[in-house]
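K.L.:
Sequence:
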Amino acid sequence: MSANRRQQIVRTTVKATSESQQFMEPVVVYVVSSELVKISSLLPSNQKRSLLLHSLIKAFGLLSPIPVSGKRGIQIVQPLPATIEELTLYHDSDYLNILLSSLNVESKANLAEWGLEDDCPIFPGLPEYVRMIGGATLTAARSLRHPKVGIAICWDGGRHHARKSQASGYCYVADCVLAIMTLRRTNLTTTSPTPMYRPKIMYLDLDLHFSDGVSEAFYAPVRSTLPWTLTLSIHHAASGFYPTSFLSDLPPEDPANCRSFDPFTLSIPLKEGASNRTYARIWPIVERVKEAFSPDYIILQCGCDGLSGDPCAKFNWSLGDEEGSFGWCVQRVVKQWRVKTLLLGGGGYNFPNAARAWAYLTSVVGYNSLEQLDQSLDLEVPIPDHEGFPYYAPSFTLNVPAGMMRDQNTEEYLRSIEYRYEHIIEMIKHRVITQPTS
0 MSANRRQQIV RTTVKATSES QQFMEPVVVY VVSSELVKIS SLLPSNQKRS
50 LLLHSLIKAF GLLSPIPVSG KRGIQIVQPL PATIEELTLY HDSDYLNILL
100 SSLNVESKAN LAEWGLEDDC PIFPGLPEYV RMIGGATLTA ARSLRHPKVG
150 IAICWDGGRH HARKSQASGY CYVADCVLAI MTLRRTNLTT TSPTPMYRPK
200 IMYLDLDLHF SDGVSEAFYA PVRSTLPWTL TLSIHHAASG FYPTSFLSDL
250 PPEDPANCRS FDPFTLSIPL KEGASNRTYA RIWPIVERVK EAFSPDYIIL
300 QCGCDGLSGD PCAKFNWSLG DEEGSFGWCV QRVVKQWRVK TLLLGGGGYN
350 FPNAARAWAY LTSVVGYNSL EQLDQSLDLE VPIPDHEGFP YYAPSFTLNV
400 PAGMMRDQNT EEYLRSIEYR YEHIIEMIKH RVITQPTS
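Following numbering that gives the first Met the number 0, the numbering of the sequence shown begins with 0 at its first residue and continues without gaps.
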């Protein structure tokens, strides 16, 4: 199926919704299908997580349409598997030949060269997994081109460690990079003397782990034109903690005189125990970076392995709507930034908590069967009776509260982050004003 035909299918689906249900403004697209859930649940590191998530969202009735004038609605769109042409927009063709081969790929030599060992083993259904996850995220990204779509959700996406020709960190397909490159191909209109222009995309990553695959894909310390992508990763960084990358470090104190520094490839590394307090403190930096860059699209990777109770056990973040919480940060983006936004999943290895988090975030941007329109679910709401109910013991509520871990992000360290970003934000503003767009 051609890319034009794929875009026509998404456009027709959303058009039918917007014409028959004018109350939806803006439309929220939710990408899911039984095939996507089945295939996504095959991933060795996340087996059955997708099934647990989508069954909880269904149990809460979050995807049930409620036609009330002036309120936001959710439109389900089924994903289309990515084609070879779409995947080679970024990935190396030899790498794809290995991933998508119908032969017994276990017999192929030098799998380590492609990263297909250890945390990224070959598994039954891998070719279908790569095409479906890549296609699901691309389906969501393409839907944002429609003028009535404000938010698109693909919780099965967010594979931010995969590289151009190598799997890494449970990630085989670089769907985040593919989404950025696809949105870049969108033509936007303006009233300026140049009526058509290419959009700017801000990629914001909330996963516990650094977004090495995405950040490295767009890192360019020497630029002659204004870049169309800015990446910002908020993550844990410590000696030996995966992934190791010089890009994951705190930016230099004097960024203007550091030749290897790229002000459009940014990082905010946090120490162990990062809590709501820490995120509330750094969030103004995130918002100032966004204002300086002035993006046309936001891609928000919502990995939830920083939540308290995750097996990674590095952060002490809570889900709730308290200032600085995971839910609060996402609400700031989707309700106050007023920019078309793609929400993706990511890490999260306490599967019931991952399901809780993404179900709650779905309620933040949509509505539910309790008619709490344009509001989020109450965090103390009981988990509905459904096939996954036993997994939510012992609380059987939606909430993921903070634990007792000590926050090691000291006042001195947080001030050092603020100081460095003062210079960086000025660099971004200067380049946005003075450099021509690419």
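What the hints contain is simulated information worked out from the structure, not anything from laboratory work.
Accuracy of the hints is not assured; some may be wrong.
Below, a list of computed lysine-lysine pairs in the PhoX-like style, where the Cα atoms sit at most 25 Å apart [what the hints assert, rightly or not]:
1. Lys147 <-> Lys163
2. Lys428 <-> Lys147
3. Lys334 <-> Lys289
4. Lys57 <-> Lys334
5. Lys289 <-> Lys428
With beta-carbon atoms standing in for the labels, derived distance ranges [claimed, not checked]:
6. Pro43 <-> Asp253: 39 to 49 Å
7. Pro383 <-> Arg414: 39 to 49 Å
8. Asn96 <-> Arg276: 23 to 33 Å
9. Arg222 <-> Lys47: 38 to 48 Å
Heads up, the beta-carbon is just placed ideally off N, CA and C, and yes, glycines get one too.
K.L.:
Determine for every hint whether it applies to the structure shown.
P.N.:
Cross-check of the supplied hints:
no.: 1; hint: Lys147 <-> Lys163; in the structure: 33 Å, violated
no.: 2; hint: Lys428 <-> Lys147; in the structure: 30 Å, violated
no.: 3; hint: Lys334 <-> Lys289; in the structure: 14 Å, holds
no.: 4; hint: Lys57 <-> Lys334; in the structure: 23 Å, holds
no.: 5; hint: Lys289 <-> Lys428; in the structure: 10 Å, holds
no.: 6; hint: Pro43 <-> Asp253: 39 to 49 Å; in the structure: 44 Å, holds
no.: 7; hint: Pro383 <-> Arg414: 39 to 49 Å; in the structure: 45 Å, holds
no.: 8; hint: Asn96 <-> Arg276: 23 to 33 Å; in the structure: 49 Å, violated
no.: 9; hint: Arg222 <-> Lys47: 38 to 48 Å; in the structure: 44 Å, holds
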